[in-house]
Every structure is written in C-alpha cells, then in structure tokens.
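Note that the protein sequences, when read in sequence, are chains A and B. Everything in the first sequence is counted per the working numbering, starting at 1458 for the first residue and increasing by one. Everything in the second sequence is counted per the working numbering, starting at 157 for the first residue and increasing by one.
No lab work stands behind these hints, which were simulated from the structure alone. We put the beta carbon where it would ideally sit given N, CA and C, even for glycine. Please note: incorrect hints may appear among the correct ones.
Claimed, not checked - Covered stretches of chain B (in silico footprint by chain A; criterion: 3 or more residues with CB under 8 Å from a CB of chain A, positions within the stretch not fixed):
1. 376 to 382
2. 400 to 408
Said to hold, decoys possible - With a straight-line Cα cutoff of 27 Å, these simulated DSS-like cross-link-like pairs (lysine-lysine) come out:
3. A/1504 - A/1476
4. A/1504 - A/1481
5. A/1519 - B/482
6. B/419 - A/1519
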Amino acid sequence: METVILFDSLPEWLQAPIKQMRPKDYATWINEPVPALHGRSVVTVFKMGDTGEQELREYITKVIGQFFS
Amino acid sequence: MSGPGEAGENEQYVDSATAEANWLFEQFNVRIDHAQNELFDKHSPDVSDEVLVGRLLEESSPYASRFASLEAISECRGRFLSHFKDELADPSVQAQGEFVGVFDCESVIGEAIEAFSWQDDIPETRILECRQVAFSMSWDANDGHWTEKNGHPVSASKQQRTATTITPKTIISEFPFISDWNNAPSRFPDGIVYAGTAFRAVSTNHSTTAWDIHADNVAANHRYSRPGKGALYAGTSQEAILAELNHYGIDPTAVAWVSKEVKLGNVLDLTNESIRQQYGVSLEDLTGDSYRMTQAIGDFACQRYDGLLVPSAREPGATIVVIFAKGN
Chain A
1458 METVILFDSL
1468 PEWLQAPIKQ
1478 MRPKDYATWI
1488 NEPVPALHGR
1498 SVVTVFKMGD
1508 TGEQELREYI
1518 TKVIGQFFS
Chain B
157 MSGPGEAGEN
167 EQYVDSATAE
177 ANWLFEQFNV
187 RIDHAQNELF
197 DKHSPDVSDE
207 VLVGRLLEES
217 SPYASRFASL
227 EAISECRGRF
237 LSHFKDELAD
247 PSVQAQGEFV
257 GVFDCESVIG
267 EAIEAFSWQD
277 DIPETRILEC
287 RQVAFSMSWD
297 ANDGHWTEKN
307 GHPVSASKQQ
317 RTATTITPKT
327 IISEFPFISD
337 WNNAPSRFPD
347 GIVYAGTAFR
357 AVSTNHSTTA
367 WDIHADNVAA
377 NHRYSRPGKG
387 ALYAGTSQEA
397 ILAELNHYGI
407 DPTAVAWVSK
417 EVKLGNVLDL
427 TNESIRQQYG
437 VSLEDLTGDS
447 YRMTQAIGDF
457 ACQRYDGLLV
467 PSAREPGATI
477 VVIFAKGN
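Given only the sequences and the hints, what does the whole structure look like? Please build it.
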C-alpha cells in the first residue's frame, strides 16, 4: 500500500515556501505535477529519499531566489 | 598574387586571430603558473618545467597545440629582424624614422592562421594562406631602437577552403579556467542598448525591493548566474513571467506583479539569431535543461556587458532580460 504523505508531515523548510507559493491550495497541490520537477509532484520527489530531498532543496532555493525574497 | 581587398581581409583576419591567440595565451600562462605551483607543491621537484607544461597543455585543452603557433609568429618577427638587419642598422634609414619591409613568410603565418582557425563549429570559406608579410617599424631616436608598429601579410594565395572558426562558445566552454574576460578579443559581439518595460513577480511583502539583488538571489543556481553570482531575471512581457511561474508551480495570484522601465547601455542580445551564430550557440543551448553553457556565458558576459536579452526557456518567442549585479 502506498504511503500517504500529508502536508503537515513535510519538513518546515518545505512547508513554508510552499505556503507562499500556493496559499490557497498548498495541501492538495503537493500531489500535483510540477514542470520544474520534470512533471513529478513534490510528494513523489520527497519519497525518493536523500536524492529527492536534494532536488527539492535546489528547487526551493531557486524559487526563493527568484520570486520570494 | 592577390588583390588589395583580399590582402586587407587577410590583414584583419591575422590581427583578429593574433589578438585572440595572444589573449588566450596570456590567460593560459596565468593558469600554467598557478597550476605549476600546485603541481610542484604536490609532486617531485625533479620534474622539469617542460614536462610539467607539456602535461598541463595536454590535459587542459584540446586547443593546446594552437599555442605553439604563437612561436611561429614570433619566429616570423625574428626572421624579419634578421632579414633586414643591415637596413635597420643603417643610420640613414634610422633617420627616416620608419621602415617597412616585405619578405617571404609563406609557412609560419599560414600555420598560425590555420592553427587558430581551422576547427570548431561554423563552416565558412576564407582565404587562409599568406605568402608574404610586411612589418612596419618606427625608429625611437631617444632610446635608439626600432619598435614594431604592426605586422601584416601583404599578399595571399587565392586558395579558398572550407574552414571553421573558433567561436566564443568554444573559448568559453574549452577554457573554463579563464576568469578575466575584460580584455577578451573583439571577436565577441558588441552589446546593444536596451530600453523597455521589464516585468517581475515577487512575494507580496517584497514588492518594494523587487529590483534589488539580494542574498537569496545570489545563493541560487540560475540559468545565467551560478551560485555566488547574482542577477535579476525579468520578462519583457507579462507572458514571459507567467510562463516562469507556471513552470515552478507558483500561483500567479499569490505574487505581486511589478514592472519598471529599464535602460541598459550594453546588453548582449542572444535573442538575435545572427548574434547566436557569431557566438556559436544554438537556441537549444540556451533553453535546454543544462545550465552548463548558459552559466559559462553568464560568467563571461557579466564582465563585459550590463545584461543579457535571452530567449525564454518556458515560452517560445518570449524574452527574458537578465540584469547583472554590479561588481560581478
């Protein structure tokens, strides 16, 4: 059975920027495909473990660097 | 024997190739000096300079053999001085203040041209083989010596061959250790003046500082600015920015949209196909997933230009203006 990951269970470094990016639908959006993640969702990449975390950190760093600071 | 026009083209060409070669050679020497010190620190001091330099040349660049041709140019000058030594020593010639000598130099300049021109990406036809070279010398009466004003080939064969040229892309990608682009040769395209409205989307609580390059921007890995090198990315249209937001999954209603009239005096316009061709880069090089080429361009361009106009990687036909941080 596939593990369900809820928004609240994501680490804070991921939650905070996603709330800025998607204030209206962040809880559901984490399961939607993102072009910058090669069409995968945040949850899908997060489930990849260390590699996924690294990819998400780079993605978030880029988003914050260009749009949210 | 070729006509004046052909000789003129060749003059320009030799000047250009020589300037590029000399500049690259200087950059390479800096690297060699640095690397030699590193190697001597690490390895046996018994290794000779020649062996070390040879290894570095072999390992560092597929264009290493081209540097040997600089010696050919020097040799050409040396032959000139030797060939005209009697004339140059003649006080009556010295009293005239100038001396122009023409002599056969069929091989060495030809080799130099070939070495610096006949590889790489863009096929073109050029007159390449020089037959004679003229050096113009000025007599410095105060110091009592001749100074070389210039050296030009004055005639060339009409042989045309399909050649290819070194492009900025080649230089940038093959010489990644070059850090000083300020004095790079003029083969790099001229910048243009850009004036227009630029659009950005930022967090609602940062709309007043939307045009500042902040620490988070500098830290991020962007297409034309690697971590440590800040740059502002703006669209020349709202559509360009909307496409960026969609790419990253950002709700367009969750950001503040800001715009500003910008004027940049010296911008490298990579939306212009002819500039891309001069540069040796394709649209795909600029809009693909890899940042290798674009960041190399950014490293170089931030020292020579105020910014870039680049094709949007997200929206075909849209344009992004990249504004470099001062002091990069």
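Results for each hint:
1. 376 to 382: Coverage by chain A holds here, the residue count being 3 at a Cβ distance below 8 Å.
2. 400 to 408: holds (count 8)
3. A/1504 - A/1476: holds (20 Å)
4. A/1504 - A/1481: Holds, at about 24 Å.
5. A/1519 - B/482: Roughly 21 Å separates the two Cα atoms, so the pair holds.
6. B/419 - A/1519: holds (26 Å)
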